[in-house]
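J.: Chains A and B are the protein sequences, given in the same order. The opening residue of the first sequence carries number 1151 in my numbering; numbering runs sequentially from there. The opening residue of the second sequence carries number 1151 in my numbering; numbering runs sequentially from there.
Keep in mind the hints are simulated off the structure, nothing from the lab. Check the hints yourself; a few may be wrong.
Because identical chains share one entry, a pair is satisfied inside a single copy or across any pair of copies.
Distance condition first, Cα-Cα at most 25 Å in a straight line; then the derived DSS-like pairs of lysine-lysine [as the list claims (entries may be wrong)]:
{"hint": "1", "residue 1": "K1221", "residue 2": "K1273"}
{"hint": "2", "residue 1": "K1299", "residue 2": "K1221"}
{"hint": "3", "residue 1": "K1405", "residue 2": "K1260"}
{"hint": "4", "residue 1": "K1234", "residue 2": "K1171"}
{"hint": "5", "residue 1": "K1188", "residue 2": "K1299"}
None of these values were measured; they are calculated from a predicted model.
There are 2 protein chains.
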Amino acid sequence: MLPVVVVHGGAGHIPKERAEKSMEGVCSAVRAGYAVLKRGGSSMDAVVEAVTQLENNPAFNAGCGSVLNVKGEVEMDAIVMDGKTLGSGAVSAVRNIANPVCLARLVMDKTSHTCLTAEGASKFARSMGVAEVPMESLITEYARMRWRKNLAADAKPVECQMGKMGTVGAVAVDSEGNVACATSTGGMLNKMEGRVGDTPCIGSGGYADNQMGAVSTTGHGEAIMKVTLARLILFHMEQGHSPEAASDLGLAYMKSRVEALGGVVTVDPQGHWAARFSSKQMSWAAAQKDMLHYGLYGGEHFTQSIDEPL
Amino acid sequence: MLPVVVVHGGAGHIPKERAEKSMEGVCSAVRAGYAVLKRGGSSMDAVVEAVTQLENNPAFNAGCGSVLNVKGEVEMDAIVMDGKTLGSGAVSAVRNIANPVCLARLVMDKTSHTCLTAEGASKFARSMGVAEVPMESLITEYARMRWRKNLAADAKPVECQMGKMGTVGAVAVDSEGNVACATSTGGMLNKMEGRVGDTPCIGSGGYADNQMGAVSTTGHGEAIMKVTLARLILFHMEQGHSPEAASDLGLAYMKSRVEALGGVVTVDPQGHWAARFSSKQMSWAAAQKDMLHYGLYGGEHFTQSIDEPL
């Protein structure tokens, strides 16, 4: 059953013209993460590699391709968590870097802290030699178009966002049974300056514990935080539920309690995994036993050899 | 049993010369919160009033009296959560305001977001007409002395902090059975610029849900986050444990799993309450049925009429 890696490219409704790019993106990212695991890398190495690829892919709302805040700027959040140590690293509202997930990992590895924010995170990035990139390099035409459209007084950015694409994330178990998660996002469309969502918030945007499993979440951040979705799903797993059943319980609770939709990828330490969502779609992919699994709509589950082209 | 309010002034070791001020401070804050409840105010009004008083009191690490970051500056975190709606508001790494807990409440009440950070939080404060205060007005001589001492290469700020005083917080249940929590802090002694701790992180620094109860935490933030302490305690309460038993289970788990000490104040919707800690001391006070309860050392529990002077 081990190793295994599962990624998501955000819950919501993905327009037809973007669906193919989204599927290709998650499959390519999961292959990259799986290659890390196959050559003996840790689950942490694998989730960071997979999420880095998704950040670099302009089809997703993370890194290049992030949605813009109300001022038309990119501010990003990311988290990683290591199930072996319960150590985690996060950054919030960080600007001008290509890969927030890598900076989150540096926070975990190189500081005694768990989360750095805004200008403090930027200063830390500089001190670590992380390249600064111009904000323009992270902004796509698509992001700018959606920003302009949602500046109108009657705009509904939350609905619009759930109607498009979301946060990216990954979970993995390596050959030694260590679990890890990583999540990265540009956040909410036309959000206020300095808005921090669920992603860098431990237990909401992600959680990983070798005794239970790992979860990465996507959806309306403010709703995910209300129910600490990642931790909630792992409590259900602690009580004996499978990753699939626990994920469905968590998502159903979020729907009934705070009327919100979302999606998750979940693993347990034995390598059972799930990619579940209450939204119309979520692009996801998984790799295990040299097989690639992927889907986009509810109930969809394609399978093929990992080496076969899509 | 209702209404009830419980406050803490931080877990750790409180030096003798500061113990009296700390006890007076929590008793005065809990009286202020209780007065709000007695005149029909909500549990949210009560916890914000109690925590505002603690922020204004230079004896505590929140608002005026906050510890300094490595650059000798004050950056503060705060959260509120409303158990009726699961709505919450938080600010992280905010500067130049006297009462971060009030700004956290404004985030909850006046925005569609849950958390604002750093300069974005400051801009929001200005837009709400919150007065800017000079950083100097938040810095005590004691805070500056400890900052200088911990700049030395062989300093141990984490140990030093656990040895002094911590975060402040409150939980309450109003006459209608609504629960709320609030937590506020200057964070870690000599922390990096932009460091965000557990306080503004929902489920770690606090959590409130009318179906379970409310918790506010204090201790080493990075450890509290590893176990999402507030949410963990409420899971134990969901499974039938009393606030006291659930708090002890959560603190014992944090001690065994990540070797860290801390403290919490906890209520359930019926008005059962607990003030528990695994550290040497935690200043705490509670008000219920016109009686004042307070203590500082483990096992200490003084009781008197709420109107009687200390």
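J.: With reference to the structure, classify each hint as holding or not holding.
T.: Going through the hints against the structure:
| no. | hint | verdict |
| --- | --- | --- |
| 1 | K1221 to K1273 | both (22 Å within a copy, 13 Å between copies) |
| 2 | K1299 to K1221 | within (13 Å within a copy, 42 Å between copies) |
| 3 | K1405 to K1260 | between (38 Å within a copy, 24 Å between copies) |
| 4 | K1234 to K1171 | neither (34 Å within a copy, 42 Å between copies) |
| 5 | K1188 to K1299 | neither (44 Å within a copy, 49 Å between copies) |
The earlier numbered hints that this structure contradicts are 4, 5.
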